[in-house]
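J.: Sequence:
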Amino acid sequence: MRPPRRAFGAARGGPPRATARIDIASPSFLAGFFGPMREHLDEMEESLAVCIGSRGNRVLVQGDEEGVEKAVRIIRRLEALERAGRAADPAEWRRVVRSLVEEPALPVEELGGDAIAPATGGRVIAPKSPAQKAYVAAIRRSDIVLAIGPAGTGKTYLAVAMAIASLAQKKHRRIILTRPAVEAGEKLGYLPGDFMEKVNPYLRPLYDALHDMTDFARSRSMIERGVIEVAPLAFMRGRTLNSSFVILDEAQNTSVPQMKMFLTRLGYDSKAVIAGDVTQVDLPPDITSGLVDARARLQGVAGIDICTFTERDVVRHPLVQEIIRRYEK
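In our numbering, the protein residues as written are 223 to 551.
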């Protein structure tokens with residue numbers, strides 16, 4: 223029998239009052255569920271105050287009645303996702319478990335799927351949390367979407383994926399990726415090269431997301447032909463962007479006039495996604511963030527969606543979630 227993280231009979235709150243035995247048909251599910259990277263088991267045992275172990279093809283759960291019931295429900299849903307080809311890696315297991323612990327009644331279909339676009343290496347890009355799924359739905363539904371939340375929640379990455387899919391489906395003729403070139407501790411004037419060489423490092427995250435979804439030669443070809451444009455926000459002034467999927471990244475570092483300028487560039491058959499983290503503003507203290515202002519000013523406007531992410535939606539290294547929590551405190 224594989225030992226649980228906490229010995230059976232030692233659940234929090236005294237001796238266990240309930241035991242559940244779950245027969246599992248899939249050996250691959252058992253191998254993944256009790257694999258070497260078992261952070262999801264920690265998540266379940268700590269959150270639900272249960273002990274989880276296995277004997278043969280049977281999973282054993284002990285704890286109080288409510289915790290055991292929730293754990294059984296989560297394990298059954300994980301099993302269903304595994305049959306559908308989901309939750310194959312440790313980070314994905316942990317994200318799904320966290321979502322189900324926080325929202326036990328969450329339908330399985332809300333946990334992911336909804337493929338957006340193919341990525342390099344044969345992967346498929348899809349939302350990985352209920353908030354990401356709502357974000358993707360908002361982008362499909364609305365012409366302007368504000369995405370606000372901490373780093374690593376997929377705000378820009380999913381927007382780029384949606385833009386690539388939109389281009390492939392001929393809904394838009396071009397993609398425009400932009401962000402403000404705001405200095406964060408290093409003066410632009412001290413950097414070598416002309417203006418574009420100075421601001422290019424600021425645009426690097428956009429290139430990274432793009433190259434993760436298309437091979438380098440194809441993305442470079444689209445950039446050279448103007449189908450995809452990556453440029454600093456200052457280059458948007460005076461333009462009218464028709465039939466374009468426009469993404470403004472690091473929007474917390476725009477001023478109010480810059481945000482107004484960007485929003486008024488939108489032309490016919492265009493869509494704009496504005497992403498940023500209002501807790502990481504690099505503007506001088508006397509300048510109001512355009513993203514903070516837009517969130518308050520545009521609330522309730524028809525055709526504009528505002529999506530909010532928390533540290534629970536972080537899809538980077540698991541430690542990033544804890545780091546965000548500590549800094550928020």
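Just so you know, the hints here were simulated from the structure itself, not pulled from any lab data. Remember, it's a predicted structure, so these values are computed and weren't measured experimentally. C-beta atoms are modelled at their ideal positions from N, C-alpha and C, and glycine is treated no differently. Check before you lean on any hint, since a few could be wrong.
Quick list of the computed label-pair ranges, beta carbon to beta carbon [claimed, not checked]:
#1 Asp-515 to Arg-277: 51 to 61 Å
#2 Ile-244 to Asp-504: 45 to 55 Å
#3 Ala-356 to Asn-464: 22 to 32 Å
#4 Asp-491 to Ser-443: 40 to 50 Å
#5 Glu-550 to Glu-261: 19 to 29 Å
#6 Arg-295 to Ala-253: 14 to 24 Å
J.: Look at each hint and say if it fits the structure.
T.: Each hint tested on the structure:
no.	hint	result
1	Asp-515 to Arg-277: 51 to 61 Å	holds, 59 Å
2	Ile-244 to Asp-504: 45 to 55 Å	holds, 50 Å
3	Ala-356 to Asn-464: 22 to 32 Å	holds, 28 Å
4	Asp-491 to Ser-443: 40 to 50 Å	violated, 24 Å
5	Glu-550 to Glu-261: 19 to 29 Å	holds, 21 Å
6	Arg-295 to Ala-253: 14 to 24 Å	holds, 22 Å
Of the hints listed earlier, the one the structure fails to meet is number 4.
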